[in-house]
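2 protein chains.
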Amino acid sequence: MKLCGKPLRNRANSKYDPLDLHRCFREDGHSGKCEEFPYLRHLATCSPKVAKKIMRDSTKTTGAAWKSEDAGPNRISRWVMLLSDQELNALGIKMDMLKPIVVSKLRDKAATYDQCMNVAMNLTYSTYGMAHAPAPTPEIKSYLESFFGPIVGGSTVCLVCKAPLDYDDFALARRGKAEIETAHSSPRSHTAKNVGFAHRLCNIAQGDRSVKEFYAWIKTILQRTGEL
Amino acid sequence: MKLCGKPLRNRANSKYDPLDLHRCFREDGHSGKCEEFPYLRHLATCSPKVAKKIMRDSTKTTGAAWKSEDAGPNRISRWVMLLSDQELNALGIKMDMLKPIVVSKLRDKAATYDQCMNVAMNLTYSTYGMAHAPAPTPEIKSYLESFFGPIVGGSTVCLVCKAPLDYDDFALARRGKAEIETAHSSPRSHTAKNVGFAHRLCNIAQGDRSVKEFYAWIKTILQRTGEL
Chain R
1 MKLCGKPLRN
11 RANSKYDPLD
21 LHRCFREDGH
31 SGKCEEFPYL
41 RHLATCSPKV
51 AKKIMRDSTK
61 TTGAAWKSED
71 AGPNRISRWV
81 MLLSDQELNA
91 LGIKMDMLKP
101 IVVSKLRDKA
111 ATYDQCMNVA
121 MNLTYSTYGM
131 AHAPAPTPEI
141 KSYLESFFGP
151 IVGGSTVCLV
161 CKAPLDYDDF
171 ALARRGKAEI
181 ETAHSSPRSH
191 TAKNVGFAHR
201 LCNIAQGDRS
211 VKEFYAWIKT
221 ILQRTGEL
Chain Y
1 MKLCGKPLRN
11 RANSKYDPLD
21 LHRCFREDGH
31 SGKCEEFPYL
41 RHLATCSPKV
51 AKKIMRDSTK
61 TTGAAWKSED
71 AGPNRISRWV
81 MLLSDQELNA
91 LGIKMDMLKP
101 IVVSKLRDKA
111 ATYDQCMNVA
121 MNLTYSTYGM
131 AHAPAPTPEI
141 KSYLESFFGP
151 IVGGSTVCLV
161 CKAPLDYDDF
171 ALARRGKAEI
181 ETAHSSPRSH
191 TAKNVGFAHR
201 LCNIAQGDRS
211 VKEFYAWIKT
221 ILQRTGEL
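Which chain is which? The protein sequence lines are R and Y, in order. Residue numbers for the first sequence follow this note's numbering, beginning at 1 and rising by one. Residue numbers for the second sequence follow this note's numbering, beginning at 1 and rising by one.
FYI, nobody ran anything at the bench for these hints, they're computed from the structure. Keep in mind that a hint or two might mislead.
No copy is singled out in the list; a pair is fine if it fits within one copy or between any two copies.
Taking lysine-lysine pairs in the DSSO-like style, the calculated list, with each CA pair at most 27 Å apart, reads [to be verified]:
(1) K2 x K60
(2) K99 x K15
(3) K212 x K162
(4) K193 x K219
(5) K49 x K99
(6) K162 x K219
(7) K219 x K52
(8) K212 x K52
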C-alpha cells in the first residue's frame, strides 16, 4: 500500500519531541484529514488504553520498568535520542545533567521515526491477532493485512514464552502493572521484527537479555539442577 | 550447642518492633554480655553491609523489591505480623489504614522470632561458604558448624540457578541494587531451610513463584519453543 506521507506540521511539539518528523500514514490519495495512526482509530474507540500504549511504547524512550526518580526526562521521542549531545543541547535537552546510567538507557532506546512507526503498526496487527481481540474495521483490516498478511485470531503469542496472548489481559493489572507489556527479542533493537507483546512476568524474567540468551540461560539452569 | 537464651530486655524498641522477644544467642554459660547475633560479630567488622543485610532480611518484613511509595511502613519485625489487627492496633500499627495489597505483602512475610533467628544463622553460614568469603573466626566457625555442619568454601550456590555464589558479588551493585539477594524457595515460608541467597537476576526471574514452579515454567517454555 502506498502511503500519503505528507508532513504533519501542525502537530503540537513538546520539549521532548522538537523534531518535525511526523507524517501521514493514511493511504495515498485519501480524502479528509491526514493522520499519523489511522490504523489505531478503531482501538482508540473500543480500548483507548491499548491504543495509547501502542503509540507510547512504539515512539517513546521510557518504559514502566524504570519509572523512578532518577529515570530522567520521561517520554522522549526515540528518534530524538539519535541526535548528538550538542544537537540535543541546542534543543534544550541537557544530557550532561543526567546520570550516566540514565543517558545510556535513553540512548539504548534510540530508533528512527520510520522504525517506530513500523513498530506501532506491527503492535496493532499483533493486538488484533490475540485471542478475544475485537475484530478490526474492514478498512483497518485490509490496511494492516497489506503490510503483514492475514490477521488470524489467536495467533499472537508472547514474545518470550510463546504461549498465546489474550487481549483481555491488557485490562488486567497486578500491583498497578499491566499484565501485557511491550517486549524486545533483542533489547536494543527497536524494529517491527524485534518488538512484540509479552506477559509481564515473562518480560521481567527475560530482563536485559535477548530472548535467545534467556533460553540459553534457563536451559543451563535446568541442566545444572538435573531437571532435564 | 546449648544457647544462653536470656531475654535482652534493655534493647531499644522501635514502633515496628514493640514485642520483647529478643534473646541472647551466645553459648550457655558464656562470660561477658549477652548478644543476639554473636555469630555476626566478625562479618560486622569486615563487611558491615553484609552483616546488616543478614539481620534485616532475616527479621524484617520489607524487601528491596517493593520499596515504593505505597509499600507502607518499612522494616516491621516479621513476628509482629503474626498478631491480629486488633493487637496491632493496640500497639499503634493501624493495618486498616494500609492498602489491602500492602497488608497482604506484610502478612505474607510473617514468621516467628525463632524462625527469623534460624534464618539469620543459616544465612551467615551460607555467606562463609561462598567463594572468596573471608574465613570466620575459630569461635564463629565452631558455633555455626555445630548447627549446620562443616563450612566448605565455594559450596554455597544460588537458590535459583544453583551456580556458585561469589562473596565479592555482595559489593557489586547495578542500578543501585545489590547483585546478591536473599531469596525464598517457597515465597511464603521464612525458615532456615527455605531461605538462601540468590543472584539478583535469578531472584527477579523467579518472581512470586516457588523455585519448583519456576523450573516447571521454564521447562514448559523450552518445550514450547522447541529448544529442548
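Within, between, both or neither: K212, K162 at alpha-carbon 27 Å:
The answer is both: 13 Å in one copy and 21 Å across copies each meet 27 Å.
Which holds for K49 with K99 at a C-alpha limit of 27 Å: within a copy, between copies, both or neither?
Close across copies (25 Å), not inside one copy (31 Å); limit 27 Å.
K2 and K60: within-copy, between-copy, both or neither at 27 Å Cα:
within (26 Å within a copy, 62 Å between copies)
Same-copy or cross-copy closeness of K162 to K219 [CA-CA at most 27 Å]
Classified as both: same-chain Cα gap 16 Å, cross-chain 13 Å, threshold 27 Å.
At most 27 Å between alpha carbons: which applies to K219 and K52, within, between, both or neither?
Answer is neither; intra-copy 36 Å and inter-copy 34 Å both fail.
Regarding K193 and K219, is the shortest C-alpha distance of 27 Å or less found within a copy, between copies, in both, or in neither?
both (24 Å within a copy, 25 Å between copies)
Have a look at K99 and K15 and pick one of within, between, both or neither, based on CA distance no larger than 27 Å.
within (19 Å within a copy, 36 Å between copies)
With 27 Å as the alpha-carbon cut-off, assign the pair K212 and K52 to within, between, both or neither.
Classified as neither: same-chain Cα gap 29 Å, cross-chain 37 Å, threshold 27 Å.
Consistency note: the structure conflicts with the earlier hints numbered 7, 8.
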